[in-house]
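Take 1 as the starting number for the sequence shown in UniProt numbering and just add one per residue.
These aren't lab readings, by the way, just hints derived from the structure by calculation. We put the CB at the ideal spot given by N, CA and C, even for glycine. Honestly, I wouldn't trust all of these hints.
[Said to hold, decoys possible] Here are the in silico distance ranges between beta carbons for each label pair:
{"#": "1", "residue 1": "P123", "residue 2": "G63", "range": "25 to 31 angstroms"}
{"#": "2", "residue 1": "R50", "residue 2": "T151", "range": "21 to 27 angstroms"}
{"#": "3", "residue 1": "G90", "residue 2": "G125", "range": "30 to 36 angstroms"}
{"#": "4", "residue 1": "R69", "residue 2": "P141", "range": "22 to 28 angstroms"}
{"#": "5", "residue 1": "T151", "residue 2": "G94", "range": "27 to 33 angstroms"}
{"#": "6", "residue 1": "D79", "residue 2": "S49", "range": "30 to 36 angstroms"}
{"#": "7", "residue 1": "V158", "residue 2": "E46", "range": "21 to 27 angstroms"}
{"#": "8", "residue 1": "D30", "residue 2": "G125", "range": "22 to 28 angstroms"}
{"#": "9", "residue 1": "T149", "residue 2": "P104", "range": "22 to 28 angstroms"}
{"#": "10", "residue 1": "G63", "residue 2": "G124", "range": "31 to 37 angstroms"}
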Amino acid sequence: MRLVLISDTHLPMRAKKLPTPVWDAIDDADVVIHAGDWVSVELLDELESRAARLVGCWGNNDGPELRARLPEIARVTLDGLSVAVVHETGPAKGREDRCAAAYPGVDLLVFGHSHIPWDTTAPGGLRLLNPGSPTDRRRQPYCTYQTATITAGRLQQVALHNL
């Protein structure tokens with residue numbers, strides 16, 4: 001199962017549209033995960049119509065219309081892997097322990113908010129991924145997104161892509 005992970009798209013505030021390489025990856029993916037701060041309902045509509053499967057949550061910059069259509073925390077099992085998607089996880093210091101305690105039984109936690117790519121594993125095995133932002137690099141050298149695969153309940157081939 002091929003995944004594309006994005007967050008903090010902030011459309012149309014930070015960009016008018018997602019970059020072409022992101023759309024190309026979405027077209028090849030089995031599942032697209034968006035960890036909030038869409039800003040644009042139109043992007044949600046477009047991803048729902050274009051992605052084979054979409055899993056997403058709302059973020060702090062998402063208004064009532066997006067919050068009505070998306071959960072604060074999305075939970076799904078993908079090919080045997082338990083996944084949670086949330087926008088905010090708090091400060092970087094202590095994140096692994098805090099998230100492991102907050103999401104027991106979860107194998108993969110995808111989050112956003114900081115626009116800073118993140119890939120760590122908490123004690124006990126919880127994998128934490130933040131794809132950064134494909135449209136607003138903030139203090140990072142590049143805008144980014146992530147891809148990964150799941151095979152028989154195992155997360156594999158996690159890659160960060162610079163735009």
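Cross-check of the supplied hints:
A hinted range of 25 to 31 angstroms for the beta carbons of P123 and G63 is inconsistent with their spacing of about 37 angstroms. At roughly 24 angstroms, the beta-carbon separation of R50 and T151 lies within the given 21 to 27 angstroms, and the hint holds. Separated by about 20 angstroms at the C-beta atoms, G90 and G125 break the suggested range of 30 to 36 angstroms. In this structure the supplied range 22 to 28 angstroms is violated for R69 paired with P141, their Cβ-Cβ distance being about 33 angstroms.
Checked against the given bound of 27 to 33 angstroms, the beta carbons of T151 and G94, roughly 31 angstroms apart, stay inside it. At roughly 23 angstroms, the beta carbons of D79 and S49 sit outside the given window of 30 to 36 angstroms. The hinted window of 21 to 27 angstroms between V158 and E46 holds, with their beta carbons roughly 25 angstroms apart. In this structure the hint that D30 and G125 lie 22 to 28 angstroms apart at CB holds, the actual value being about 23 angstroms.
For the pair T149 and P104, the beta carbons lie near 25 angstroms from each other, so the given range of 22 to 28 angstroms is met. At about 36 angstroms, the CB distance of G63 to G124 agrees with the hint of 31 to 37 angstroms.
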